[in-house]
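Here the protein sequences line up with chains A and B, keeping their order.
In terms of numbering that gives the first Met the number 0, the first sequence opens at residue 0 and continues consecutively.
In terms of numbering that gives the first Met the number 0, the second sequence opens at residue 0 and continues consecutively.
Any given hint could turn out to be false.
For chains that are exact copies, the list does not tell them apart, and a pair is met inside one copy or across any two.
Unchecked claim - EDC-like mimics (lysine to aspartate or glutamate), calculated; alpha carbons at most 20 Å apart, straight line: (1) Lys36 x Asp85; (2) Lys422 x Glu196; (3) Lys378 x Glu345; (4) Lys422 x Glu188; (5) Lys275 x Glu353; (6) Lys230 x Glu145; (7) Lys174 x Glu272; (8) Lys422 x Glu324; (9) Lys190 x Asp423; (10) Lys228 x Asp380; (11) Lys378 x Glu346; (12) Lys36 x Asp92; (13) Lys422 x Glu80; (14) Lys36 x Glu80; (15) Lys190 x Glu429; (16) Lys230 x Glu437; (17) Lys81 x Asp130; (18) Lys422 x Asp380; (19) Lys275 x Glu238; (20) Lys228 x Glu196; (21) Lys422 x Asp88; (22) Lys62 x Asp423.
The set of hints was computed from the structure by calculation and includes no laboratory data.
2 protein chains.
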Amino acid sequence: MLKNVKIEKHKILMFNFVTFYYRKSIKYMKRDNDFVKAKIISIGDELLIGQVVNTNASWLGNKLTTNGIEVISTLTIGDGEKDIVDALDACSDVEIIVMTGGLGPTADDITKPTLCRYFNTELEFCQDAYDNIMSIFTLRGYQMSERNKGQAYIPKACRYIPNRYGTAPCMWFEKGRSVYISMPGVPFEMKNVFEQEILPMLLSHFKVTPYINKVVMTTGVGESFLADKIKDWEDALPEFLSLAYLPQHGMVRLRLEGRHPNRDFLQKTIDNEIDKLTKIIGEHIFGYDDTPIAEAVLNKLKAAGATLSSAESCTGGTIAKMITEIPGSSEAFKGTVVSYATSVKEEVLGVSHEDVMRYTVVSRQVAEQMATGVRALLKTDYAVATTGVAGPGGATEENPVGTVWIAVAGPDGVISKKYNFGKDRGNNIERAAITALEMVRNSI
Amino acid sequence: MLKNVKIEKHKILMFNFVTFYYRKSIKYMKRDNDFVKAKIISIGDELLIGQVVNTNASWLGNKLTTNGIEVISTLTIGDGEKDIVDALDACSDVEIIVMTGGLGPTADDITKPTLCRYFNTELEFCQDAYDNIMSIFTLRGYQMSERNKGQAYIPKACRYIPNRYGTAPCMWFEKGRSVYISMPGVPFEMKNVFEQEILPMLLSHFKVTPYINKVVMTTGVGESFLADKIKDWEDALPEFLSLAYLPQHGMVRLRLEGRHPNRDFLQKTIDNEIDKLTKIIGEHIFGYDDTPIAEAVLNKLKAAGATLSSAESCTGGTIAKMITEIPGSSEAFKGTVVSYATSVKEEVLGVSHEDVMRYTVVSRQVAEQMATGVRALLKTDYAVATTGVAGPGGATEENPVGTVWIAVAGPDGVISKKYNFGKDRGNNIERAAITALEMVRNSI
């Protein structure tokens with residue numbers, strides 16, 4: 000329906016961003032002609048009603064994109080035959096349709112019979128699929144039920160793709176120039192089958208155009224000011240590159256991306272543009288390619304040959320979790336004391352009982368003593384401590400929900416700062432942990 | 000296109016699950032006639048390429064569903080004019096269209112000008128929006144830029160909805176019987192505006208049919224066996240109720256849900272059916288309504304007047320994080336020692352150096368001494384400890400990646416068990432933490 004939408008130029012010139020309409024159009028046309036495109040369809044009522052967050056779609060989006068396949072849309076629908084059929088009918092404009100979900104053995108899983116009817120085929124027994132289901136049940140020490148035997152029947156018209164991680168077989172259909180793939184919705188099974196079986200098949204079936212992106216992580220400057228600062232650079236970008244802004248938690252991530260038949264040329268061009276960008280806004284850049292802040296901290300610690308520990312009250316182990324999620328973190332991170340109880344602050348970390356009485360547990364004195372205490376106890380070069388009111392309970396007149404004291408102890412002494420992050424418990428915990436790591440990073 | 004799909008009954012009778020096709024059809028027809036329906040459209044390249052997980056869609060799906068508005072689909076598209084227009088064109092079958100994203104001040108945000116053209120209107124200056132932007136900049140101590148001033152222009156044809164949490168105004172369009180809502184993609188801003196402004200407006204604009212769901216959490220029994228066990232009960236459910244199975248990490252969640260004009264009758268019927276279900280599979284039920292396992296543990300601890308601590312090596316604080324995410328956890332949870340370094344295990348927790356040398360750090364002896372050590376140190380009734388190889392490094396012949404020892408110390412002594420969870424670091428950490436909490440729950 001784009002043809003019905005007229006551009007009334009005189010009305011829209013007042014906004015900078017509208018002038019970029021033209022570049023978007025060019026991008027769309029290029030994509031329509033040149034690139035292998037995919038749509039992702041996630042099937043499951045639990046996703047629609049928000050019982051489960053759809054992490055499969057973003058994982059698949061990332062795998063497809065970085066392998067040169069452009070993702071046009073991801074659609075989430077319920078376990079209903081008409082919904083599935085309508086969704087498939089709307090996919091004739093792409094080469095690859097990736098479906099997840101609805102392949103379980105119970106009554107609410109209807110993807111397989113629906114695909115059977117959609118591709119005008121019927122189910123037949125598949126010995127390989129049966130053997131696979133049998134081996135999984137044997138491994139788990141369970142007996143196979145009639146329902147699970149049903150999972151060994153697959154549509155005649157499809158290519159069977161084994162799923163070594165679960166009982167639901169995967170399916171590959173072809174229709175015209177398009178490939179339709181159906182995988183289970185269990186993330187662990189889906190990811191393994193997609194990486195090990197399906198992605199290699201797709202890359203040998205289609206000739207894809209290389210895609211590369213580079214993400215620049217900035218902090219300390221707003222989206223608008225950043226955009227003004229780099230406007231000349233952005234306007235001069237080659238036509239096959241585009242830039243996106245992604246603000247979050249006081250950071251702005253800039254994503255430069257593009258597609259080009261010549262991968263080396265594409266890589267060199269992106270590297271070159273990132274060099275130019277770094278010259279303009281280098282002071283605000285703290286990392287690249289979605290480096291977690293915990294990884295940036297670990298890298299600085301390792302470079303300095305230093306170690307870290309934490310004493311966590313309101314963050315309750317979140318700092319430790321963020322650090323230990325990074326492989327190899329044990330080189331620089333020695334441990335944590337989560338001192339949720341005041342007695343633990345005093346008896347394990349050596350916080351002064353008198354100071355707790357005089358200044359309360361949410362105070363500069365307690366935060367600093369927790370930091371120096373855990374630094375001495377775990378014998379590390381640096382230590383970070385948090386104490387605050389995450390909410391919803393625990394607020395006082397002096398310390399409303401969201402109040403957090405953060406202290407960092409290091410070879411040169413202790414620094415500490417008071418923050419207020421707001422009213423939401425989850426947000427307060429996360430913001431406090433990120434801010435604590437940022438304070439450590441600036442101290443090393 | 001459903002009319003083109005013939006049901007060939009003789010071919011599909013072989014499977015239990017196919018016989019449920021009819022109920023699904025009935026469900027769909029009912030929904031089409033009776034209920035207020037919504038589609039969610041998430042706009043943003045960062046979602047499509049998997050740089051950001053779309054938590055907005057699941058949050059909105061939950062809010063809409065539990066307020067009686069049936070969510071038909073959630074669609075994620077990129078920041079392209081044609082994509083947005085095509086998505087809107089496909090929404091004529093629902094009453095409510097909720098859009099998020101693409102309202103920022105930079106060149107890649109094109110939702111507002113696109114909506115302007117789609118609804119055949121033009122932008123005009125809005126003093127309220129301008130004042131709101133100004134107040135946000137004043138609060139943050141920044142100066143307003145020309146780009147942000149542009150955010151104060153909104154389409155003439157829309158109803159302006161203030162966003163007190165950010166600079167992008169929200170918009171409410173009406174076309175035929177449908178309402179189109181556009182909100183920013185920043186989760187914090189979106190959630191506040193939706194709950195405080197938009198949801199009340201929707202509920203006064205549309206007459207909705209009450210919806211209720213109840214989730215039953217089971218463990219220790221597979222999806223197929225559960226389905227067989229409750230088949231008679233499931234088959235006898237009233238027509239306006241339906242059941243879904245959701246297997247995950249060794250648990251199966253059962254969701255019973257329905258819509259009915261009489262909310263009290265609906266609630267009573269669901270309560271009654273859940274009572275019947277509990278009589279059949281009560282032994283496998285550990286909670287309701289997506290109670291996190293950590294909350295089930297805390298409830299048992301509080302009921303017993305007991306306290307808990309943890310000593311975490313491979314889980315690196317994840318158990319503590321899962322517990323402290325629950326409001327009020329400080330009543331029963333005293334703290335944690337994350338003993339990532341062996342020296343911390345020995346010096347802080349009192350693990351025997353000889354045993355570390357003889358049995359390695361990933362052993363029954365070390366796990367049990369960590370549990371008894373932290374129980375004594377933090378003076379709690381129960382203590383749980385983990386030590387293992389999360390991967391990818393650290394594996395030995397005896398302890399491959401995924402090996403985890405978990406120990407629980409309590410008033411009656413120590414129990415411990417060895418697990419292998421697989422090859423993926425993130426999965427190993429999460430599975431170990433959940434299993435550790437399950438072991439604590441069974442020990443109280």
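In rising order, the numbers of the hints this structure does not comply with: Violated: hints 5, 7, 10, 13, 16, 17, 18, 20, 21.
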